[in-house]
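There are 2 protein chains.
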Amino acid sequence: MKLSDIGEFGLISEIASASSPGPGRVVGIGDDCAVMPRNDGFDTLVSTDMLVEDVHFILDDIPPELLGWKSASVNISDIAAMGGQPEAAFLSFALPETLSLDYIRAFLDGFRKALDCFGLSLLGGDTTSSPDKLSISVTVIGHCKSGTARLRSGALPGDLVCVTGCLGDSAAGLRIILEGLPRSGPSSELVLRHYRPQPRVNQGLLLSTCPGVHAMMDISDGIASDLVHILKASHLSARIDLGNIPLSGELLSVCSENGWNPLEFALEGGEDYELLFTIDSQSEAGLAIPHTIVGQLFSGESGKVDWLGNGADHTDFQYKGYTHF
Amino acid sequence: MKLSDIGEFGLISEIASASSPGPGRVVGIGDDCAVMPRNDGFDTLVSTDMLVEDVHFILDDIPPELLGWKSASVNISDIAAMGGQPEAAFLSFALPETLSLDYIRAFLDGFRKALDCFGLSLLGGDTTSSPDKLSISVTVIGHCKSGTARLRSGALPGDLVCVTGCLGDSAAGLRIILEGLPRSGPSSELVLRHYRPQPRVNQGLLLSTCPGVHAMMDISDGIASDLVHILKASHLSARIDLGNIPLSGELLSVCSENGWNPLEFALEGGEDYELLFTIDSQSEAGLAIPHTIVGQLFSGESGKVDWLGNGADHTDFQYKGYTHF
Numbered sequence: 001m002k003l004s005d006i007g008e009f010g011l012i013s014e015i016a017s018a019s020s021p022g023p024g025r026v027v028g029i030g031d032d033c034a035v036m037p038r039n040d041g042f043d044t045l046v047s048t049d050m051l052v053e054d055v056h057f058i059l060d061d062i063p064p065e066l067l068g069w070k071s072a073s074v075n076i077s078d079i080a081a082m083g084g085q086p087e088a089a090f091l092s093f094a095l096p097e098t099l100s101l102d103y104i105r106a107f108l109d110g111f112r113k114a115l116d117c118f119g120l121s122l123l124g125g126d127t128t129s130s131p132d133k134l135s136i137s138v139t140v141i142g143h144c145k146s147g148t149a150r151l152r153s154g155a156l157p158g159d160l161v162c163v164t165g166c167l168g169d170s171a172a173g174l175r176i177i178l179e180g181l182p183r184s185g186p187s188s189e190l191v192l193r194h195y196r197p198q199p200r201v202n203q204g205l206l207l208s209t210c211p212g213v214h215a216m217m218d219i220s221d222g223i224a225s226d227l228v229h230i231l232k233a234s235h236l237s238a239r240i241d242l243g244n245i246p247l248s249g250e251l252l253s254v255c256s257e258n259g260w261n262p263l264e265f266a267l268e269g270g271e272d273y274e275l276l277f278t279i280d281s282q283s284e285a286g287l288a289i290p291h292t293i294v295g296q297l298f299s300g301e302s303g304k305v306d307w308l309g310n311g312a313d314h315t316d317f318q319y320k321g322y323t324h325f
Numbered sequence: 001m002k003l004s005d006i007g008e009f010g011l012i013s014e015i016a017s018a019s020s021p022g023p024g025r026v027v028g029i030g031d032d033c034a035v036m037p038r039n040d041g042f043d044t045l046v047s048t049d050m051l052v053e054d055v056h057f058i059l060d061d062i063p064p065e066l067l068g069w070k071s072a073s074v075n076i077s078d079i080a081a082m083g084g085q086p087e088a089a090f091l092s093f094a095l096p097e098t099l100s101l102d103y104i105r106a107f108l109d110g111f112r113k114a115l116d117c118f119g120l121s122l123l124g125g126d127t128t129s130s131p132d133k134l135s136i137s138v139t140v141i142g143h144c145k146s147g148t149a150r151l152r153s154g155a156l157p158g159d160l161v162c163v164t165g166c167l168g169d170s171a172a173g174l175r176i177i178l179e180g181l182p183r184s185g186p187s188s189e190l191v192l193r194h195y196r197p198q199p200r201v202n203q204g205l206l207l208s209t210c211p212g213v214h215a216m217m218d219i220s221d222g223i224a225s226d227l228v229h230i231l232k233a234s235h236l237s238a239r240i241d242l243g244n245i246p247l248s249g250e251l252l253s254v255c256s257e258n259g260w261n262p263l264e265f266a267l268e269g270g271e272d273y274e275l276l277f278t279i280d281s282q283s284e285a286g287l288a289i290p291h292t293i294v295g296q297l298f299s300g301e302s303g304k305v306d307w308l309g310n311g312a313d314h315t316d317f318q319y320k321g322y323t324h325f
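Just so you know, the protein sequences line up as chains A and B, in that order. In terms of the working numbering, the first sequence is residues 1 to 325. In terms of the working numbering, the second sequence is residues 1 to 325.
No false leads were mixed into what you were given.
With a Cα cut of at most 25 Å, we get these calculated PhoX-like pairs of lysine-lysine:
no.: 1; chain 1: A; residue 1: Lys-2; chain 2: A; residue 2: Lys-133
no.: 2; chain 1: B; residue 1: Lys-113; chain 2: A; residue 2: Lys-2
no.: 3; chain 1: B; residue 1: Lys-133; chain 2: B; residue 2: Lys-2
no.: 4; chain 1: A; residue 1: Lys-304; chain 2: A; residue 2: Lys-232
no.: 5; chain 1: A; residue 1: Lys-2; chain 2: B; residue 2: Lys-133
no.: 6; chain 1: A; residue 1: Lys-113; chain 2: B; residue 2: Lys-2
no.: 7; chain 1: B; residue 1: Lys-304; chain 2: B; residue 2: Lys-232
no.: 8; chain 1: B; residue 1: Lys-133; chain 2: A; residue 2: Lys-133
no.: 9; chain 1: A; residue 1: Lys-133; chain 2: B; residue 2: Lys-2
no.: 10; chain 1: B; residue 1: Lys-145; chain 2: A; residue 2: Lys-145
Over the 12 Å line for every Cβ pair with chain B, so calculated as not near, a few chain A residues:
no.: 11; residue: Asp-61
no.: 12; residue: Pro-63
no.: 13; residue: Leu-174
no.: 14; residue: Leu-192
no.: 15; residue: Thr-209
no.: 16; residue: His-235
no.: 17; residue: Arg-239
no.: 18; residue: Gly-243
no.: 19; residue: Ser-256
no.: 20; residue: Asn-258
no.: 21; residue: Leu-287
no.: 22; residue: Ile-289
no.: 23; residue: Ser-302
Part of the chain B face toward chain A, derived, beta carbon under 7 Å:
no.: 24; residue: Asp-54
no.: 25; residue: Ser-130
no.: 26; residue: Thr-139
If you're looking for bench data, these hints aren't it; they were derived computationally from the structure. By construction, the Cβ of each residue, glycine as well, lies at the ideal position given by its N, Cα and C atoms.
In isolation and in its complexed conformation, chain A is listed as follows (with noise of 0.2 Å):
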């Protein structure tokens, strides 16, 4: 039997079926983070992730400090997804002896610069040799106030869905470096986008002090896959409103002139590293971070997303749904 035979989710279904969370409030596979008390006010939060070359990254394409930004960011977003601190990192490197000084020095700098953004300390790691491919593991460990990490399956009906920032660039991005587009103007914003992700640290922390906001997630994966993480986890239904999906200026016109469909981008595409939350409308009314609503979500079928157009520019988009394989 072969890997392909179950898939990822397979797996890793599998291996949380098996795994132990223990007693208490422990959350385990399954969310952004793991979530484990302490008895100080505080539980501590954990993230770990791996890239390897040619699977989530092509080592001529992508300059090494924004490598290194990048492997930082999507662990430190895991931690902003919970509503969390982000507090130290911990790197594991395997190195081909092909690579240069200077590239792991520039890779080690843009590491860096993300952890001084966001207020990391780098505590430890590992390094070994790789006898090909680069592969990169990071963990990020931050800490949030006793049972204030919010996790996917904390929605309720009636919520309303929302999301910081736009959606797409990302994906768009990669799309452009993937068929060699020239990036110019708005195009190499997108490729920035997809290169140097901005993990909603403050927007986290933030929304993590609103007893309104019920779950959150990070969008790594488009939001039409993301969201259905939270609905299976809430056993909840959703509608959303493409017309009022976020979209950016860039994302709109590098679209309208090459005739690639936004949305596409935007429901799809990975990698926004924005925060997905669902939050009761009075709570909505009063919050003070930008944001946009894009739905509702209600009892019914768990997980079922109803996509709803609304706009001219969006009455001929028949959304698919989403699957990884």
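Here the structure of chain A is known, so what remains is to put chain B in place on it, guided by the hints.
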């Protein structure tokens, strides 16, 4: 400039010098674990390691369940080396498509057996595909009472140098594997010592309750190399009595059969995962756990080791010192 120009330790020291462990009692790069203080009477301990196919293991040789066991154990051993209680593990792997699901399940089975054996929960990780080799990254989190983590830097002049268990078995087991020698009786025992290391968690916990234990680490690169880390961190020198290095009956038997020098494995060989600790002589006299005194610490040239031979078996042994490169 190439990585080999500065070597592994050069790179680590570059990373360490630019990392910022922050204020307070935080311990960062340079010990077995990072130590992150909390306010509930405990410190959080974090260790992370990467294992890469063809660097750390040969896929066709080590059975998958033992690779799983070993991947967990080498990190658990780092927590043990601080005198901590391991708590949770995070497993990331990059999986080549050629790997069967049975292989992965057997790996996970061995991984979980190690976690169960030492009381850890599997709380997260990352699964990704790999274009080529299997690589595995494990992070283990534990805790110890505030300020009780045994660092490499705490050794004092006059301390006795002690180890748990016997040394060299794992390295001799590796040689048996690499040379394709027959595995039966004592040689199969040595191979198992290489594949199935036993982290000394209980011993580490007991040693951490004894105030006279000043420094501790696990023996992963061989005592000759590892002891120097304690000496340099504590600015001390040591005299080690080669006649007192604990050697197992299996090692002596296999070495005698093959004309090998057992001390070379015991001093230069790695992956024993026994504990190396320093303790004042009064405390040593009352120590309840099995251990062997192998030498003593002195003021003097930091990092220098005098190797003293004291038996007919060892007078011909000229220890040349260990270097990774």
